[in-house]
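**Student:** The chain contents come next:
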Amino acid sequence: MTTLPERVLVCPGGPLLLRGCQTYTDGEGVEHAVDRTVVAVCRCGFSGRLPWCDSTHKRLPPDKRPD
Amino acid sequence: MSERVLTTLRSDPGRLTTDPGDPQDVDEVDAALTLWVLHELSYRGFEDVSPDAEWEPAVLALRRHLQRDLEARLRARWPGHEVSRETFADDLMAFIESDDGPSVASYVHSHASADQVLELVRWRSIYHLRESDPSTWTLPRLTTAPKAALAELQYDEYGSGRPDRLHAHLFARAMEALGLSTRYADYLDECPLEVLEMNNVMTLFGLDGRLRGASMGHLAAFEVTSSVPSGRLVKGLQRLGMAEEIIDYYAEHVVADSVHDQIAVRLICAALAADEPDQAEDIFFGAFTCLDQEARFARAILGRWGVAA
Numbered sequence: 009m010t011t012l013p014e015r016v017l018v019c020p021g022g023p024l025l026l027r028g029c030q031t032y033t034d035g036e037g038v039e040h041a042v043d044r045t046v047v048a049v050c051r052c053g054f055s056g057r058l059p060w061c062d063s064t065h066k067r068l069p070p071d072k073r074p075d
Numbered sequence: 157m158s159e160r161v162l163t164t165l166r167s168d169p170g171r172l173t174t175d176p177g178d179p180q181d182v183d184e185v186d187a188a189l190t191l192w193v194l195h196e197l198s199y200r201g202f203e204d205v206s207p208d209a210e211w212e213p214a215v216l217a218l219r220r221h222l223q224r225d226l227e228a229r230l231r232a233r234w235p236g237h238e239v240s241r242e243t244f245a246d247d248l249m250a251f252i253e254s255d256d257g258p259s260v261a262s263y264v265h266s267h268a269s270a271d272q273v274l275e276l277v278r279w280r281s282i283y284h285l286r287e288s289d290p291s292t293w294t295l296p297r298l299t300t301a302p303k304a305a306l307a308e309l310q311y312d313e314y315g316s317g318r319p320d321r322l323h324a325h326l327f328a329r330a331m332e333a334l335g336l337s338t339r340y341a342d343y344l345d346e347c348p349l350e351v352l353e354m355n356n357v358m359t360l361f362g363l364d365g366r367l368r369g370a371s372m373g374h375l376a377a378f379e380v381t382s383s384v385p386s387g388r389l390v391k392g393l394q395r396l397g398m399a400e401e402i403i404d405y406y407a408e409h410v411v412a413d414s415v416h417d418q419i420a421v422r423l424i425c426a427a428l429a430a431d432e433p434d435q436a437e438d439i440f441f442g443a444f445t446c447l448d449q450e451a452r453f454a455r456a457i458l459g460r461w462g463v464a465a
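As you go down the protein sequences, you meet chains A and B in turn.
Here my numbering is used: position 57 in the first sequence is 65, and no number is missing along the way.
Here my numbering is used: position 11 in the second sequence is 167, and no number is missing along the way.
Among the clues, some could well be false.
Covered stretches of chain B, as calculated for chain A (at least 3 residues, CB under 8 Å) [to be verified]:
{"id": "1", "region": "308 to 316"}
{"id": "2", "region": "404 to 414"}
{"id": "3", "region": "417 to 423"}
Derived from the structure by calculation, the hints contain no laboratory data.
Glycine is no exception: its CB is placed at the ideal position from the N, C-alpha and C atoms.
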C-alpha cells in the first residue's frame with residue numbers, strides 16, 4: 009500500500025481516501041485489487057462491501073462513527 | 157411557448173423574441189420546457205436546428221430571461237445558512253446528511269413494481285444519459301485545488317479513460333437491457349415539471365460561471381445522497397429480478413459515490429470556499445437546491461404511484 013501523506017485523507021466520521029494505489033492490503037493481510045484512482049476504505053467496520061466504504065457510516069449514530 | 161420557440165429555432169433563430177409574455181400567463185411547464193430546449197443547444201443540440209443557434213443573441217436573450225426567473229424562484233426557496241470558515245467541510249457534510257426528504261429508493265427497495273421502476277428509469281434518463289456533463293462546465297471557472305479535485309471526480313464519472321465504464325454509457329446499456337430507447341430525451345414528453353426543472357437547475361449552475369459555488373454545492377449534495385439510496389435500489393431491483401445491467405449501474409454508484417462525496421465536500425467545496433470565501437454561502441445554496449429538487453421529484457413520482465410522501 010502506498011502511504012505518502014498527500015495520498016491519504018482521513019475523512020472525519022467516514023472512510024479513508026487513498027489515491028494512486030495499485031492494491032490495498034487490509035488488516036488481515038489480504039490483498040485487494042484497486043480499480044479506480046481514488047478509493048474509500050471503510051473505517052466504521054460496518055460496510056457491506058469491505059474493505060471498501062459503502063456509506064453505511066451515514067446511517068450510524070454519531071458515537072458509532074469513526075473519529 | 158416551447159412549440160413556438162422550437163419552430164423558430166428550426167427556421168430562423170434570430171427571430172426569437174425575448175419577451176415570452178406576462179409571467180402570469182406563462183404555464184410553468186411550458187416555461188421549463190422552453191428553457192430545457194434552449195439549454196439543449198449547449199449540449200448536443202437538435203438534428204433539425206442549426207448549431208449556430210447556440211450563440212444567436214436572440215436565443216441567449218430569451219435563455220437569460222428564463223434563467224433569471226428560475227434562479228429567482230430557487231433563491232426564494234432558500235432559507236439561508238450560516239457559514240463557518242473553520243468547519244466548512246464538516247458543516248456541509250452534516251447539512252446534507254441531515255436531509256430527511258422523501259425517498260424513492262426506500263419505496264423501490266420494498267414495494268415498487270417493475271413498471272414503476274421502468275417509469276423511474278425513463279424520468280431519470282433525462283439526466284443520467286448525460287450524467288456529470290453539467291458539472292464539467294464549472295471546471296475552468298475554479299482555482300487550482302478545487303479544479304484538480306473536480307477533474308479527478310469527473311475522470312472517474314467518465315470511465316477513467318474506458319468508454320465502457322462511463323456512467324452515462326452504463327445507464328444507456330442498462331436502458332437497452334430493459335427494452336427502453338437510449339436516444340437522448342426520447343422520454344421527455346412524459347416527464348413532469350419536476351424533471352424538467354431539476355435538469356434546468358444543473359445546466360444553469362454549470363453554464364453560469366457566477367454560480368460556480370452553487371454548481372459544486374449541488375454536486376456535493378447529489379454525491380452525498382447517492383450511495384445509500386443506490387444500495388436500496390440495488391436490493392429493490394434484485395427483488396424484482398430486473399436486468400443485471402441496471403443493478404450493476406446502481407451497485408457501481410454505491411462504491412463510487414462513497415468516494416465522490418468525500419472528494420466533492422472536502423476537496424472541491426471546502427477548497428473552493430477557502431480560495432473564494434464569497435462563494436461559500438452559494439455552495440450551501442446549491443446543496444440545498446439539489447436536496448429540494450430531489451424532494452420535489454420524489455413527491456411527484458411517489459404521488460403518481462399513490463404513495464404518501
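**Student:** Determine for every hint whether it applies to the structure shown.
**Tutor:** Here's how the hints hold up against the structure:
Here's how the region 308 to 316 of chain B fares: 4 of its residues keep a CB closer than 8 Å to some CB of chain A, so the rule of at least three is met and the hint holds. Under a criterion of three residues with beta carbons nearer than 8 Å to beta carbons of chain A, the stated coverage of the region 404 to 414 of chain B is upheld, 5 such residues being counted. With 5 residues having a beta carbon nearer than 8 Å to a beta carbon of chain A, the region 417 to 423 of chain B meets the requirement of three or more and the stated coverage holds.
Violated hints for the displayed structure: none, as all numbered hints are satisfied.
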